[in-house]
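Going down the list, the protein sequences come from chains A and B.
Quick note, the first sequence lines up with residues 1 to 312 if you use the numbering used here.
Quick note, the second sequence lines up with residues 1 to 312 if you use the numbering used here.
What the hints contain is simulated information worked out from the structure, not anything from laboratory work.
Careful: at least some of the hints might be erroneous.
Since the list gives no way to pick out one identical chain from another, each pair is judged satisfied if it fits inside one copy or across any two copies.
As the list claims (entries may be wrong) - Within a straight-line C-alpha distance of at most 30 Å, the following computed DSS-like cross-link-like pairs (lysine-lysine) qualify: (1) 183 x 43; (2) 235 x 43; (3) 300 x 43; (4) 43 x 306; (5) 235 x 82; (6) 264 x 307; (7) 264 x 82; (8) 38 x 82; (9) 163 x 83; (10) 163 x 183; (11) 36 x 183.
Number of protein chains: 2
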Amino acid sequence: MMIEPIDKPLTKEQVAAEYQQIQDEICAALEQADGKAKFEEEKWEREGGGGGRTRIIQNGNIIEKGGVNFSAVYGELPQSIKKALNVENDDFFATGVSIVIHPNHPMVPIIHMNIRYFEMPSTAIDGSQPIRWFGGGIDLTPHYIIDDDARFFHQQLKDVCDKFNHDFYHRFKQWADDYFYIKHRDETRGIGGIFYDRLTANSGVNWDTIFEFSKALGRSFIPTYTELISRNRDKPFTEEQQQWQYQRRSRYVEFNLVYDAGTKFGLETNGRIESILMSLPPTAKWLYNFQPQPGSEEEKTLSLLKKGINWV
Amino acid sequence: MMIEPIDKPLTKEQVAAEYQQIQDEICAALEQADGKAKFEEEKWEREGGGGGRTRIIQNGNIIEKGGVNFSAVYGELPQSIKKALNVENDDFFATGVSIVIHPNHPMVPIIHMNIRYFEMPSTAIDGSQPIRWFGGGIDLTPHYIIDDDARFFHQQLKDVCDKFNHDFYHRFKQWADDYFYIKHRDETRGIGGIFYDRLTANSGVNWDTIFEFSKALGRSFIPTYTELISRNRDKPFTEEQQQWQYQRRSRYVEFNLVYDAGTKFGLETNGRIESILMSLPPTAKWLYNFQPQPGSEEEKTLSLLKKGINWV
Chain A
1 MMIEPIDKPL TKEQVAAEYQ QIQDEICAAL EQADGKAKFE EEKWEREGGG GGRTRIIQNG
61 NIIEKGGVNF SAVYGELPQS IKKALNVEND DFFATGVSIV IHPNHPMVPI IHMNIRYFEM
121 PSTAIDGSQP IRWFGGGIDL TPHYIIDDDA RFFHQQLKDV CDKFNHDFYH RFKQWADDYF
181 YIKHRDETRG IGGIFYDRLT ANSGVNWDTI FEFSKALGRS FIPTYTELIS RNRDKPFTEE
241 QQQWQYQRRS RYVEFNLVYD AGTKFGLETN GRIESILMSL PPTAKWLYNF QPQPGSEEEK
301 TLSLLKKGIN WV
Chain B
1 MMIEPIDKPL TKEQVAAEYQ QIQDEICAAL EQADGKAKFE EEKWEREGGG GGRTRIIQNG
61 NIIEKGGVNF SAVYGELPQS IKKALNVEND DFFATGVSIV IHPNHPMVPI IHMNIRYFEM
121 PSTAIDGSQP IRWFGGGIDL TPHYIIDDDA RFFHQQLKDV CDKFNHDFYH RFKQWADDYF
181 YIKHRDETRG IGGIFYDRLT ANSGVNWDTI FEFSKALGRS FIPTYTELIS RNRDKPFTEE
241 QQQWQYQRRS RYVEFNLVYD AGTKFGLETN GRIESILMSL PPTAKWLYNF QPQPGSEEEK
301 TLSLLKKGIN WV
């Protein structure tokens with residue numbers, strides 16, 4: 001890991017404060033877009049240090065179940081995490097915003113966003129710089145893949161990335177393809193998006209740029225998702241399409257419980273279960289060996305759940 | 001592992017043939033109990049050796065979704081399994097019957113049964129006896145725990161066990177308590193039952209007894225489950241009780257995808273996905289932080305999802 005001196009002092013308090021602000025902005029804008037449901041907040045404290053604000057919205061005009069969670073936790077690094085991260089440090093600090101929205105309308109996509117920051121004290125002799133990194137991403141899981149919407153979504157992400165580094169979109173899009181993959185189904189969770197982890201300053205990018213990118217990604221969530229809501233919320237749909245939506249949600253459950261690193265980590269480290277599993281859908285269905293009709297929209301969607309599709 | 005010579009020749013073909021027969025008996029009796037739905041069979045072959053008969057029943061009077069699967073597979077042991085089993089053999093044979101039934105009525109419990117046999121060629125110099133073992137069990141997941149039914153269920157299992165060995169019920173009941181445990185919820189999947197694995201002949205029990213026990217357990221499934229159906233199928237229920245049923249099913253999903261050894265093994269070794277995941281319920285619901293009313297039947301059920309309850 002190459003670490004360059006930070007241009008201006010970037011403190012963990014600064015990152016946490018900005019993330020908290022982004023949580024507030026997103027909750028306000030989602031309530032406005034929904035027009036009916038309001039977030040309910042639960043503040044929680046972590047034994048060992050820190051805590052969070054879990055905010056859940058349910059049974060809205062558009063949002064059937066969603067969570068916009070902020071946390072900032074610190075303390076002694078559990079042995080299991082030291083091992084997983086391959087570090088020997090004793091203390092850590094981690095803050096992030098995590099979002100999952102399950103809409104009630106089958107033409108409105110499921111969306112997931114996460115921005116996060118991790119820090120440990122330096123193990124270097126001079127101790128001047130902490131070890132730290134950023135991670136995050138936004139990815140989309142349409143129940144029905146609509147080409148125009150998929151292109152719009154990826155273009156939005158590319159626009160954010162391109163403002164900061166011309167490699168970001170390409171690298172992080174591929175990373176999302178690889179990460180949001182349901183191996184046992186040989187299908188991607190949705191149309192991907194961007195995903196990155198352990199992003200640190202190096203010769204190509206400084207800390208300031210990475211932090212600004214993290215904030216810009218967080219703030220791109222609302223214009224991107226509200227546009228996708230507006231485009232689709234008034235479309236008529238059938239009972240069969242709703243059933244298909246519930247079936248697609250079951251794949252979301254499979255991904256989150258079997259593969260998602262954050263979920264597994266939370267379950268294994270006795271995290272706050274209701275906050276971790278807020279990502280699971282309100283209703284999901286498993287039909288045995290369902291095969292969509294040849295030539296149907298459902299079949300088209302399945303055919304597009306593949307890695308390596310270039311939407312922009 | 002202590003292995004005694006087998007009293008009379010027990011062949012893998014004999015075990016597979018009996019298991020196949022038990023599958024037939026159970027399917028016929030479940031169709032009769034349901035009175036409407038019929039099993040649909042899919043025969044499949046395994047690349048590398050063997051295959052199975054997946055039988056699925058759906059949308060019945062009582063059974064909303066269920067599977068009664070038989071398989072007998074053989075071939076070269078995948079590297080990952082050698083490692084998991086801590087053996088160096090190259091060939092294996094495995095046969096079993098697996099059942100999961102999700103009823104549509106909230107007062108009729110979910111039931112799971114498995115009987116299985118595993119064999120590998122001897123690595124001993126004389127090569128006379130193969131390495132082999134039996135495994136299996138039956139466990140019950142009521143959406144609402146009814147004391148009388150729970151006692152009846154465990155008594156049935158105890159009766160089967162006691163015919164063969166006076167330690168079986170006690171040992172295997174505790175094993176089920178430990179196995180069917182959702183750690184992240186600190187609750188058991190249901191009221192348990194019996195579970196055993198790697199059961200081999202030793203000073204206390206010979207191969208013939210173990211095989212007879214395996215068959216008797218398989219054949220106890222129908223009288224036990226049809227009694228539980230009869231007791232509850234005509235009870236009236238409310239929409240709220242149905243919603244609770246769907247919530248309990250979500251815990252079943254969590255157990256199977258996060259902890260169940262057979263499911264994990266199947267997903268990791270590219271098993272037949274639709275056969276492995278037939279255990280997942282037709283509809284499941286995740287409500288955020290649901291708390292049952294104090295003094296309600298739902299609260300009582302949650303309070304009984306604990307290890308170490310002695311029902312008989």
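We went through each hint and held it up to the structure:
1. 183 x 43: So residue 183 and residue 43 pass the 30 Å test across copies only (24 Å; inside, 36 Å).
2. 235 x 43: Neither. Shortest intra-copy (37 Å) and inter-copy (42 Å) distances fail the 30 Å Cα cut-off.
3. 300 x 43: between (43 Å within a copy, 28 Å between copies)
4. 43 x 306: between (39 Å within a copy, 28 Å between copies)
5. 235 x 82: Neither. Shortest intra-copy (49 Å) and inter-copy (53 Å) distances fail the 30 Å Cα cut-off.
6. 264 x 307: both (23 Å within a copy, 24 Å between copies)
7. 264 x 82: Cα proximity of residue 264 and residue 82: in one copy and across copies (15 Å, 25 Å).
8. 38 x 82: neither (39 Å within a copy, 53 Å between copies)
9. 163 x 83: neither (36 Å within a copy, 48 Å between copies)
10. 163 x 183: neither (33 Å within a copy, 44 Å between copies)
11. 36 x 183: neither (38 Å within a copy, 36 Å between copies)
Hints 2, 5, 8, 9, 10, 11 from the earlier list are contradicted by this structure; the remaining hints agree with it.
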